[in-house]
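Peer 1: Sequence:
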Amino acid sequence: MDGQDEPKREVGVADGGLQPVEDMAAPPPSVESPLSLSSEKKRLTGFHVFYKDISRVFKLDELGSEIARIAIPAALALAADPVASLVDTAFVGHIGPVELAAVGVSIAVFNQVSKVAIYPLVSVTTSFVAEEDAACKSIELGETEDVEKAQPVNSETKEATPCSDSDSTRCNPSFCSGRTSKRKHIPSVTSALIVGGVLGILQAILLIFGAKPILHIMGVKSGSPMLKPACQYLTLRALGSPAVLLSLAMQGVFRGFKDTKTPLYATGAADASNIALDAILIFVFRWGVSGAAIAHAISQYLMAVILLLRLIKKVDILPPSFRDLKFGRFLKCGFLLLGRVIAVTFCVTLAASIAAHQGSIPMAAFQICLQVWLATSLVADGLAVAGQAIIASSFAKGDHPKAVATASRVLQLGVVLGLVLTCLLGVGMQFGSTVFTKDANVIKMIHMALPFVAATQPINSVAFVFDGINFGASDYAYSAYSMIVVAGLSIMSLFLLSSSNGFIGIWIALTIYISLRMFAGIWRLGAARGPWSFLHLYPICS
Numbered sequence: 001m002d003g004q005d006e007p008k009r010e011v012g013v014a015d016g017g018l019q020p021v022e023d024m025a026a027p028p029p030s031v032e033s034p035l036s037l038s039s040e041k042k043r044l045t046g047f048h049v050f051y052k053d054i055s056r057v058f059k060l061d062e063l064g065s066e067i068a069r070i071a072i073p074a075a076l077a078l079a080a081d082p083v084a085s086l087v088d089t090a091f092v093g094h095i096g097p098v099e100l101a102a103v104g105v106s107i108a109v110f111n112q113v114s115k116v117a118i119y120p121l122v123s124v125t126t127s128f129v130a131e132e133d134a135a136c137k138s139i140e141l142g143e144t145e146d147v148e149k150a151q152p153v154n155s156e157t158k159e160a161t162p163c164s165d166s167d168s169t170r171c172n173p174s175f176c177s178g179r180t181s182k183r184k185h186i187p188s189v190t191s192a193l194i195v196g197g198v199l200g201i202l203q204a205i206l207l208i209f210g211a212k213p214i215l216h217i218m219g220v221k222s223g224s225p226m227l228k229p230a231c232q233y234l235t236l237r238a239l240g241s242p243a244v245l246l247s248l249a250m251q252g253v254f255r256g257f258k259d260t261k262t263p264l265y266a267t268g269a270a271d272a273s274n275i276a277l278d279a280i281l282i283f284v285f286r287w288g289v290s291g292a293a294i295a296h297a298i299s300q301y302l303m304a305v306i307l308l309l310r311l312i313k314k315v316d317i318l319p320p321s322f323r324d325l326k327f328g329r330f331l332k333c334g335f336l337l338l339g340r341v342i343a344v345t346f347c348v349t350l351a352a353s354i355a356a357h358q359g360s361i362p363m364a365a366f367q368i369c370l371q372v373w374l375a376t377s378l379v380a381d382g383l384a385v386a387g388q389a390i391i392a393s394s395f396a397k398g399d400h401p402k403a404v405a406t407a408s409r410v411l412q413l414g415v416v417l418g419l420v421l422t423c424l425l426g427v428g429m430q431f432g433s434t435v436f437t438k439d440a441n442v443i444k445m446i447h448m449a450l451p452f453v454a455a456t457q458p459i460n461s462v463a464f465v466f467d468g469i470n471f472g473a474s475d476y477a478y479s480a481y482s483m484i485v486v487a488g489l490s491i492m493s494l495f496l497l498s499s500s501n502g503f504i505g506i507w508i509a510l511t512i513y514i515s516l517r518m519f520a521g522i523w524r525l526g527a528a529r530g531p532w533s534f535l536h537l538y539p540i541c542s
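In full-length UniProt numbering, the protein residues as written are 1 to 542.
Derived from the structure by calculation, the hints contain no laboratory data.
Values in this document were obtained by computation on a predicted structure and should not be read as measured data.
Even glycine gets a Cβ: it sits at the ideal position worked out from N, Cα and C.
Treat the hints with care, since some could be wrong.
Stated by the list, open to error - With a cut-off of at most 20 Å between alpha-carbon atoms, the simulated EDC-like pairs for lysine to aspartate or glutamate come out as follows:
no., residue 1, residue 2
1, Lys137, Asp381
2, Lys261, Asp439
3, Lys261, Glu66
4, Lys313, Asp259
5, Lys261, Glu62
6, Lys115, Asp316
7, Lys314, Asp259
Unchecked claim - Each pair of labels, with its calculated beta carbon distance range:
no., residue 1, residue 2, range
8, Lys212, Ala90, 41 to 49 Å
9, Gly359, Lys438, 45 to 53 Å
10, Ser55, Ile205, 49 to 57 Å
11, Ala269, Thr45, 46 to 54 Å
12, Ala269, Lys438, 35 to 43 Å
13, Phe58, Gly93, 36 to 44 Å
14, Ala68, Asp439, 36 to 44 Å
15, Leu424, Gly502, 21 to 29 Å
With the hints as extra help, turn the sequences into a complete structure.
Peer 2: If you want it as structure tokens, here you go:
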């Protein structure tokens, strides 16, 4: 560990363990200029980040407490919606099997369309707001020189990393204060609300007017008894699309402010109202699937109102000028992440399609295992959110040591989390698979996939944490292009392995897919490339 051979020179959390305390008074070296300690041997790679300060992984020091304050509420908020959906499904299940199947197809369509818009919007918003908020705080403290140097820069080429905006108004003090003394103006907040609102309206139009054709593509034919209830549910739920996208945009804003408690409270209130309205509209008013859809739409608008009321107390959401909004930066990075989420979605959807072609029993087993496999990622996403917010803020302030310390801590916590999940799933699924089905053949196939589902949990956790690290460093181009390469290799392995190894082949291919995602993150950080190229500048301390 750095500095361990000099017990009198303690290393603090704030500087990531890269500088002795007595040297902290001196400003950290700029990314653009070489270190003053030119005689020291420089690091050839950034792999030291993965094991740096590993003895502190469970320590609730300043950094550990900050990660916990962000990650725990974020994970709970992410888990709230699936729990509410399970209750929602249980209510609809009491109406009838046809209605349950219809709602299931409609929810799949709604979630798939929403995911394409939500993922880029939330990820970009979180990073941009964290950067601008940190830059404005530095300006308020008179640290304008550091703010001007806060852009993620490749130290070798002197070029800004993809999607960086060297002319961004976030470095201008006039844009950091709002019209009142209590509120400040963060341009990305307004941009996110406008983009979220527009995308929500477009999604509503698409789903309302394209419900029948889309359901037909999903296999609900014109003569199917599922068509009418599916159309009813999808069109009514689509009315809530603007609220869904606005709510997710505002959640990204609060995450950028490192506030994940407000989204948790809003999500909890919305889910509770959804469950209550389900019971009233389905069983008291007897509106069936229409009642379930209306209940969900109302709950989404409630969440949007709660978040908006809290947001306007903190930020002046009306921009002084349209030119301040920097839509170009939003759209450029958003489109990169759009390509990434399409690549991710296509891999998983293709795996489900191949399983479906193998028969109903393999498909049932695959669906259960896949949902368990993906659901556990919600906990790791909490760490990813914490890492993204803290790293984006650190880069904006030019505090590279804290960015390194945060990346180390969340990666190490991700490995520990994955190992815990491996043990829980290995035991739980072995004896608890009957919770999902009573069919002996399906249970047998679940147990065949169980080693892959359980053993890949550490890989899953690290891969998802790397998403947050990359987004926090504004490394969107690499995230997108590397995912497209990973998807291409994974698709080839899916076809080859499923044809030769059947059901097991699908899970071998999915293991290859998530492993490639993890290694893409390891290579970027370990090789100290892109926004992490400054890692070469840190000397190897004795």
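Peer 1: Each of the hints needs a verdict: does it hold here or not?
Peer 2: Hints and how they fare:
In summary, the hint linking Lys137 to Asp381 is not supported, as the alpha carbons are separated by about 27 Å, beyond the 20 Å threshold. With a C-alpha separation of about 41 Å, the suggested pair Lys261 and Asp439 falls outside the 20 Å cut-off, and the hint is violated. Pair hint Lys261 plus Glu66 holds up; C-alpha atoms about 13 Å apart against a cutoff of 20 Å. A C-alpha spacing of about 14 Å is found between Lys313 and Asp259, which places the hinted pair at or below 20 Å, so the restraint holds.
Taking the CA atoms of Lys261 and Glu62, the gap is near 19 Å; set against the 20 Å cutoff, the hint holds. At most 20 Å may separate the alpha-carbon atoms for a hinted pair to count; Lys115 and Asp316 exceed this at roughly 28 Å. This hinted pair checks out: Lys314 and Asp259 have alpha carbons roughly 12 Å apart, not beyond 20 Å. About 28 Å separates the C-beta atoms of Lys212 and Ala90, a value inconsistent with the hinted range of 41 to 49 Å.
At about 18 Å, the beta-carbon gap between Gly359 and Lys438 misses the expected band of 45 to 53 Å. Take Ser55 and Ile205: their Cβ atoms lie about 55 Å apart, and the range 49 to 57 Å holds. Judged by the Cβ atoms, the range 46 to 54 Å given for Ala269 and Thr45 holds: they are separated by roughly 47 Å. Remark: the range hint 35 to 43 Å for Ala269 to Lys438 is upheld by a beta-carbon distance near 36 Å.
A beta carbon spacing of about 42 Å between Phe58 and Gly93 agrees with the range 36 to 44 Å that was offered as a hint. Distance hint check for Ala68 and Asp439: the Cβ-Cβ separation is about 41 Å, which falls inside the suggested range of 36 to 44 Å. The beta-carbon spacing between Leu424 and Gly502, approximately 28 Å, falls within the hinted interval of 21 to 29 Å.
Of the numbered hints stated above, those contradicted by the structure are hints 1, 2, 6, 8, 9, listed in ascending order.
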